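A.B. asks: Chains as they are written, first to last, in UniProt numbering: chain A, 1 to 246; chain B, 1 to 244.
Among the hints, erroneous ones may be present.
[Said to hold, decoys possible] Calculated lysine to aspartate or glutamate pairs in the DMTMM-like style (CA-CA distance at most 25 Å, straight line):
no. : chain 1 : residue 1 : chain 2 : residue 2
1   : A       : 94        : B       : 119
2   : B       : 72        : B       : 90
3   : A       : 94        : B       : 150
4   : A       : 94        : B       : 89
5   : B       : 3         : B       : 19
6   : B       : 98        : A       : 20
7   : B       : 171       : B       : 192
8   : A       : 94        : B       : 192
9   : A       : 94        : B       : 148
10  : A       : 94        : B       : 191
11  : B       : 22        : B       : 148
12  : B       : 124       : A       : 127
13  : B       : 171       : B       : 211
14  : A       : 94        : B       : 84
15  : A       : 94        : B       : 210
16  : B       : 171       : B       : 119
17  : B       : 171       : B       : 204
18  : B       : 124       : B       : 113
19  : A       : 94        : B       : 90
[As the list claims (entries may be wrong)] Over the 12 Å line for every Cβ pair with chain A, so calculated as not near, a few chain B residues:
no. : residue
20  : 22
21  : 72
22  : 86
23  : 109
24  : 123
25  : 144
26  : 164
27  : 168
28  : 190
29  : 203
Honestly, the hints are just simulated from the structure, not real lab data. This structure is a prediction, so every number in the text was calculated from the model and none was measured. In this text, a Cβ means the ideal position worked out from N, Cα and C, and glycines have one as well.
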Amino acid sequence: MNPRITFAVATRVLTQIRRDHRTAAMLLVLPCLLITLLWWMFKDTGGGVVFDRLGPGLLALFPFTIMFLVTSVTTLRERSSGTLERLLAMPMGKLDFLLGYAIAFGVVAAVQSALAVLLAVGVLDLDVQGPVWLLTVVAIADAVLGSALGLFVSAFATTEFQAVQFMPAFVIPQILLCGLFVARDQLPTVLEKVSDVLPLSYATDAMQTLTRTTSTGDVWQNVGVVAAFALAALALGAATLRRRTP
Amino acid sequence: MMKNAVEVRDLVVRRGGREVLKGIGFTIAEGSVMGLLGPSGCGKSTLMRSLVGVQQLASGSVEVFGEEAGSKALRHRIGYVTQEVSVYDDLSVTENLKFFAQVLGVDGARIEEAIAAVDLVSHKDAVVGHLSGGQRSRASLAVALLGDPDLLVLDEPTVGLDPVLRRDLWKLFHEIAERGAAVFVSSHVMDEADRCDRLLLMREGVIIADDTPERIREKTRTDDIESAFLALVEGTGDQAGEMA
Ligand SMILES: Nc1ncnc2c1ncn2[C@@H]1O[C@H](COP(=O)(O)OP(=O)(O)OP(=O)(O)O)[C@@H](O)[C@H]1O
Ligand SMILES: [Mg+2]
Numbered sequence: 001m002n003p004r005i006t007f008a009v010a011t012r013v014l015t016q017i018r019r020d021h022r023t024a025a026m027l028l029v030l031p032c033l034l035i036t037l038l039w040w041m042f043k044d045t046g047g048g049v050v051f052d053r054l055g056p057g058l059l060a061l062f063p064f065t066i067m068f069l070v071t072s073v074t075t076l077r078e079r080s081s082g083t084l085e086r087l088l089a090m091p092m093g094k095l096d097f098l099l100g101y102a103i104a105f106g107v108v109a110a111v112q113s114a115l116a117v118l119l120a121v122g123v124l125d126l127d128v129q130g131p132v133w134l135l136t137v138v139a140i141a142d143a144v145l146g147s148a149l150g151l152f153v154s155a156f157a158t159t160e161f162q163a164v165q166f167m168p169a170f171v172i173p174q175i176l177l178c179g180l181f182v183a184r185d186q187l188p189t190v191l192e193k194v195s196d197v198l199p200l201s202y203a204t205d206a207m208q209t210l211t212r213t214t215s216t217g218d219v220w221q222n223v224g225v226v227a228a229f230a231l232a233a234l235a236l237g238a239a240t241l242r243r244r245t246p
Numbered sequence: 001m002m003k004n005a006v007e008v009r010d011l012v013v014r015r016g017g018r019e020v021l022k023g024i025g026f027t028i029a030e031g032s033v034m035g036l037l038g039p040s041g042c043g044k045s046t047l048m049r050s051l052v053g054v055q056q057l058a059s060g061s062v063e064v065f066g067e068e069a070g071s072k073a074l075r076h077r078i079g080y081v082t083q084e085v086s087v088y089d090d091l092s093v094t095e096n097l098k099f100f101a102q103v104l105g106v107d108g109a110r111i112e113e114a115i116a117a118v119d120l121v122s123h124k125d126a127v128v129g130h131l132s133g134g135q136r137s138r139a140s141l142a143v144a145l146l147g148d149p150d151l152l153v154l155d156e157p158t159v160g161l162d163p164v165l166r167r168d169l170w171k172l173f174h175e176i177a178e179r180g181a182a183v184f185v186s187s188h189v190m191d192e193a194d195r196c197d198r199l200l201l202m203r204e205g206v207i208i209a210d211d212t213p214e215r216i217r218e219k220t221r222t223d224d225i226e227s228a229f230l231a232l233v234e235g236t237g238d239q240a241g242e243m244a
């Protein structure tokens, strides 16, 4: 590991995103639009109660889902274009590569969630009991988790089509089981157990706790679990990055 | 007597269940330009990947500067251009080089030199994806020149380039070799053969000739490498068997 190289990877990825105006705009604007849509849907029913219940979960979903997709496709591109092969023939550690990506997408997630949180809390009156900045911290942990999983699954895809298919396979079950639709303790026992080992459940728990109480102990615990999942996924990702390929 | 930069012994590589390199051996001397010629699919890229240490080997050994190919100490000393253009399409030429320079830990001043060496000064701020095929492959080549490598491994670097530029690049390869580096260049354009100090002719994973271009022509009694290659393949050359 070498901080100079890690930093080089992170800045390069950020430059690439900045260059691609459409992607940059989608990354920043799309979550805001979707959260507004959710607010609008429930505007005339229930007096904001439903929005208060679903909004935080959505704030956890965006960074996770978007970063999963973006990372799996970009690393796949990196594998197939030969740039990864070239980098691995250079003095680049696998961790430099992975952490560089994680840092870059963490930064994007920070900006993305700051915007979405500001909009949700400041304009759309999302009711948050805990500190608002902690919502952003949870979102960053989510984003890094999404990136790490995306890096990992990209090793099992040989085309961009396949990489995109991992989204319904890896992400949608987590969305269904994370407690957004049915509270996790009301799921059938087997599904509850499954949801206990899915990282997005903890991210959603963290967000929902934040909106309900001012105490932050549980939130940090959940963030810790999400971070542990992210580290494990990064380690698995490192294991799939081979210098020598067949 | 020059030292050997590369020593390959009994190298066997299997890809997709087939034996792609069938037990080949050769050496590359420091300060020389070694060419690798052979038809499409004969295993040129596979051999180059073995030299830079990104190819899984079935058996045999590849030593570069006395160490196993791909070992950590070598990664600073090798410049590698893959056959596909391996730079980032969405970054400019300069941004690409800046990134790779940071990875290699080389001075920023090298960036301008590398861009000048591949004649891309007028396009240095253009996004690589907007360049022509030849310009993109030159951008890729520039990356390999950044670190002042002791071994330059170039997989078909002159494909699609005009004659003037090809001549300039071959001149550059020889300049680099004169400074003591070993240059290993593949091509399937037979007329580039005479620009090499020494040639490996390869066919179906086997080396069928390893000599200077003059001697290959002499031994096969042909006027150009293309005919020499055919003579060797068909066994009509005078001492074709002996050269293998
Ligand atoms: N990733 C791979 N998996 C399985 N087999 C492969 C792979 N890459 C190449 N091969 C096979 O290995 C053989 C040699 O391929 P290689 O790319 O080394 O040829 P080459 O001489 O560089 O050809 P060209 O001049 O077209 O670039 C080919 O028969 C090819 O089908
Ligand atoms: Mg090839």
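A.B. asks: Are residue 124/B and residue 127/A close enough, with their CA atoms no more than 25 Å apart?
C.D. replies: 51 Å, violated
A.B. asks: For residue 86/B, is the shortest beta carbon distance to chain A beyond 12 Å?
C.D. replies: 3 Å, violated
A.B. asks: Just double-check residue 22/B for me: nearest Cβ-Cβ distance to chain A has to come out over 12 Å.
C.D. replies: Per Cβ check, residue 22/B is outside 12 Å of chain A; nearest 17 Å; holds.
A.B. asks: Once the closest CB in chain A is found, is it more than 12 Å from residue 144/B?
C.D. replies: For residue 144/B, whose nearest Cβ neighbour in chain A is about 9 Å away, the distance does not exceed 12 Å, so it is violated.
A.B. asks: Would the hint linking residue 94/A and residue 192/B be met if the CA-CA limit is 25 Å?
C.D. replies: 37 Å, violated
A.B. asks: Just checking, residue 203/B versus chain A, shortest CB gap more than 12 Å?
C.D. replies: Nearest chain A Cβ is 22 Å from residue 203/B, so the label holds.
A.B. asks: Far enough from chain A: is every CB of that chain over 12 Å from the CB of residue 109/B?
C.D. replies: Correct as stated: the minimum Cβ-Cβ distance to chain A is 17 Å, above 12 Å.
A.B. asks: Under the criterion that the straight-line Cα-Cα distance not exceed 25 Å, is the pair residue 94/A, residue 90/B satisfied?
C.D. replies: Status holds; Cα separation ~23 Å.
A.B. asks: Between residue 94/A and residue 148/B, does the CA-CA distance stay at or below 25 Å?
C.D. replies: 23 Å, holds
A.B. asks: At 12 Å, judged by beta carbons, does residue 190/B keep clear of chain A as stated?
C.D. replies: 25 Å, holds
A.B. asks: Within 25 Å, alpha carbon to alpha carbon, are residue 98/B and residue 20/A?
C.D. replies: 19 Å, holds
A.B. asks: Compare the distance between the alpha carbons of residue 72/B and residue 90/B with 25 Å, and conclude whether the hinted pair is satisfied.
C.D. replies: 30 Å, violated
When held up to the earlier numbered hints, the structure conflicts with 1, 2, 5, 8, 10, 11, 12, 15, 17, 21, 22 and 25 and fits the remainder.
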